[in-house]
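J.: This is what each chain is made of:
Number of protein chains: 2
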Amino acid sequence: MFEFRLQRTAGLARAGVLSLPHGDVETPAFMPVGTHAVVRGLSANDVRRTGAQIILGNTYHLHLRPGEDVIHQMGGLNRFTTWDRPMLTDSGGFQVFSLHGLRRIAEHGVEFQSHIDGTSRVLTPEGAMGIQARLGADVAMAFDHVVPGQSSPEAACEGMERTLRWLDRCKARHLELAGQQDSGTGEQQALWPIIQGGIHDQLRMRSLEGTLERGPWTGIAIGGLSVGEPKPVMHRILEHLEPGLPREIPRYLMGVGFPADLLEGIARGVDLFDCVAATRNGRHGTAWLPAGRVNVKGAALKGSVEPLDPTCDCETCTTYPRGYLRHLFVVEDMLGLRLISIHNIRFLVRLGEQARAHILNATFDGWSRDWLREHYGGTT
Amino acid sequence: MFEFRLQRTAGLARAGVLSLPHGDVETPAFMPVGTHAVVRGLSANDVRRTGAQIILGNTYHLHLRPGEDVIHQMGGLNRFTTWDRPMLTDSGGFQVFSLHGLRRIAEHGVEFQSHIDGTSRVLTPEGAMGIQARLGADVAMAFDHVVPGQSSPEAACEGMERTLRWLDRCKARHLELAGQQDSGTGEQQALWPIIQGGIHDQLRMRSLEGTLERGPWTGIAIGGLSVGEPKPVMHRILEHLEPGLPREIPRYLMGVGFPADLLEGIARGVDLFDCVAATRNGRHGTAWLPAGRVNVKGAALKGSVEPLDPTCDCETCTTYPRGYLRHLFVVEDMLGLRLISIHNIRFLVRLGEQARAHILNATFDGWSRDWLREHYGGTT
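Sequences listed follow chains G and Y, in order.
Per this note's numbering, residue 1 is the first one in the first sequence, and the count goes up by one each step.
Per this note's numbering, residue 1 is the first one in the second sequence, and the count goes up by one each step.
Do not rely on the hints blindly, as some may be mistaken.
Covered by chain Y, according to a simulated footprint, are these stretches of chain G (three or more residues, beta-carbon under 8 Å) [stated by the list, open to error]:
{"hint": "1", "region": "33–41"}
{"hint": "2", "region": "61–71"}
{"hint": "3", "region": "77–88"}
{"hint": "4", "region": "231–245"}
Partial selection, computed: residues in chain Y whose CB lies under 10 Å from chain G [unchecked claim]:
{"hint": "5", "residue": "Gln73"}
{"hint": "6", "residue": "Arg169"}
{"hint": "7", "residue": "Gly179"}
In short, the hints are calculated from the structure, not lab data.
The beta-carbon is built from N, C-alpha and C at its ideal position, and this holds for glycine as well.
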C-alpha cells in the first residue's frame, strides 16, 4: 500500500502508478478539489465521468461543517460523499493562514475565528492529524505554516522552520493514531509532508533536507507556490528542488492547476496537482480550450450548434451545442456552471492522461512544446 | 399522430397512451417544467432518469431569451436542449397576465414590458402561434386570457369569452402555419385549446362548449386553476366539467402538481399535469415523501446514513445518505438543489406511474385513498 511504481521518464517528466487504499492513481494526474466534500456543483458520478482518479477534501472547511465526528460516524469521507476512489485531505494550513486578521499564530498552533459563526478555534499539528484521521482519506497532509508568495527571507524562513518542527509533531501524532486505527474505519492513512521556504532557493533546499531527514515518506508535497509569485519563479524553484526529490515517491505540487501549469510542472518532475481554477472558471463561464479559453457568455456563441471543444470527449462537449451552453449562462441556470466545470475538469484530467501517454511513448517533449505553443496562441 | 388510446378507466380515472411526434406518453403523467428550455438545474439526462416522458417549455420566456429564431435555426427545442422526447410549449398567456402593471390588455393582444430589459412587446394569438411553431414542440397551447382565482363573474366571463375569440384566431393561424411546415422542421405540431371561466361553474361550461364547437382537438387543457382558489373549489370545477369532456382526447390540468393534487386530479379524470413546485421546493430544500414532506436543512437529518425516501428509486435516494444531502444545503452547494429536485420530479413521475398501474389493475380507488391518508398524516 502507498507504493509508487515509476514506469518511465522523459527528461524530468515521470509516468507512474500510485497504489492507495481506495485504488490506483496513474500519474501525472490532476486531482479535482472538493473543498466541502463536494466538487462544487458536481455529483460523484459527474466527477467519475471526468476520469478523475482522486479528489481532495479540506480539513478546515470540513472541521467547521459538518465536523469530523459527523463524517466519521457516517463511515468516513468516502461513504459520506459516495466517492469510492482515493481521496486526499489538505491539512487546513493554507486556509487558516489565509484568514488575515482572524488568526493568531503561535508555536503551539493557530488560533482563528470561524468564518461561519465567528467562534474561536485552534488548529494544531496534532489537531489537524486527529481531524484528518477521522475524515479517513487515503492521504493526510502535514499541518504547515504557509507564507505569502513575496515574503521576505526572514518571514519565509520562520514559516519553513516552523513547518519542520510541526512536521515532527504531525508525525508523532500520526503514528499514535495509526496504532488506534483498528478501532476506526480499519483503513490505513498516509501522512505526506509539505516543503515550504517561499521563493528562496536556499530555504527551499533546507526545507527539503529537513523533511527527508524526518522520513521516510510515501509522498512529498511542495506547498506555498502559486501564491502570488511570478510563474518563472515557481519554475525555478521546481527546477532547483527536483534533483533532491526522491525518485521513488510521488511529488505533489499543491494548489497549482491551470492547463499550462500542469505541463510546466510535469516537465519539471511533478506527479500530482490540485487547483480550484477548473471549477471556479467554470462557474464564471470561462472554458479552457486547446487554443486558450472562451467566455461561454460571449455573443459569438449565440446560436452556434458546434460543440464547445470539438477535440474533447467530456459529457458537455459530446452532448450540448455551444448556443445552448451560452443560453444557460444568460438565463442564469446552474446547469451551465456545472457543464462548464465538467468540461474544465475533464480538460485537466485529460491533459494528465495525454502527458502520461506521451511520457510512456517518449514523445513528451515535442508534444508538450507544441501544446503550450497552441495554448498560448503562438506567443510562447 | 396525436392519437390517444384510452386503455382502461377506474371510476373517472383513466389510463391511456398519447402518441406524439417525439414518442408515446403513458398517462396519467406529470410533465416537468423547463421554463427556459431547461428543467431548473437539471441536464436532459437527469430528467430522462426521472422517467419523465414529456417536458414543457415556455413561449414568453423563450421569446425573450434566446428568441424563437435562434432556437429555430438550431433545429428546434429538442435539438437545442438535447431532450429527444415529446415537448409541449405553454402559450405565454399565463406569464403576460401575471405581469401586473407591466401589461395592457386589448382585443388585439397583450402589450407588455419585458421583465429582462424593459422593452415593449406585444403578444397576440397569432404571435403566440408563430413563436410556438418556430420553437417546434409536439404540442402548442392556445393563447388564453387568464384571470385570478377569486375573480368576479364579470371579469371571469370577459377572460373566458376573449379566450374563445382568441381561440378562433389561434386556430386560423395554426392552420396557416401547418401548411408552411414542410419548409420548417417538417414535424407536425398540435394545437390544444384551454378552458377558462374562473371558479364559476356556468362560465366553465360555456367555455367547454365554445371550445368543443371550435374543434375537433387532439387534446384539451383546463387553465386558470390553482391560481389562489381553495382546493375544494378546484375539485368541484373538475367534477363539473368532467361529464362534458370528450373521452377520446387527453385532458391537461395546467399548473397543477403537488403530490395530492395529482391523485385528486386523476380521480376526476385528468390525464396530464405540470407544475414548477417540484423544482421550486427542491431548490428550497423541501423534499416530498409518502408521509408528507421533509425540510432537508433540518437538524434531524444531521449525520443520518438513511436514504431520503427508502421507498424511492431515484438517483438521489438510491445513492446519497440524508446527512450528506443536508450538508450540501448547509454549505450551499448547488448539487443539493439538484438532488432534491431530481427526487421531487421522480416522486411525481412515479406517482403517475403508480396511479396508472392501479387504474389498469382496477385497484386505483382504494390505493389512492390510502395514499392520500398517509400523505396527509391520517388527517384526511
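J.: Are the hints correct? Go through all of them and say.
T.: Now the hints, each set against the structure:
{"no.": "1", "hint": "33–41", "result": "holds (count 5)"}
{"no.": "2", "hint": "61–71", "result": "holds (count 4)"}
{"no.": "3", "hint": "77–88", "result": "holds (count 4)"}
{"no.": "4", "hint": "231–245", "result": "violated (count 0)"}
{"no.": "5", "hint": "Gln73", "result": "6 Å, holds"}
{"no.": "6", "hint": "Arg169", "result": "30 Å, violated"}
{"no.": "7", "hint": "Gly179", "result": "27 Å, violated"}
In summary, the structure is inconsistent with hints 4, 6 and 7 from the numbered list given earlier, while agreeing with the others.
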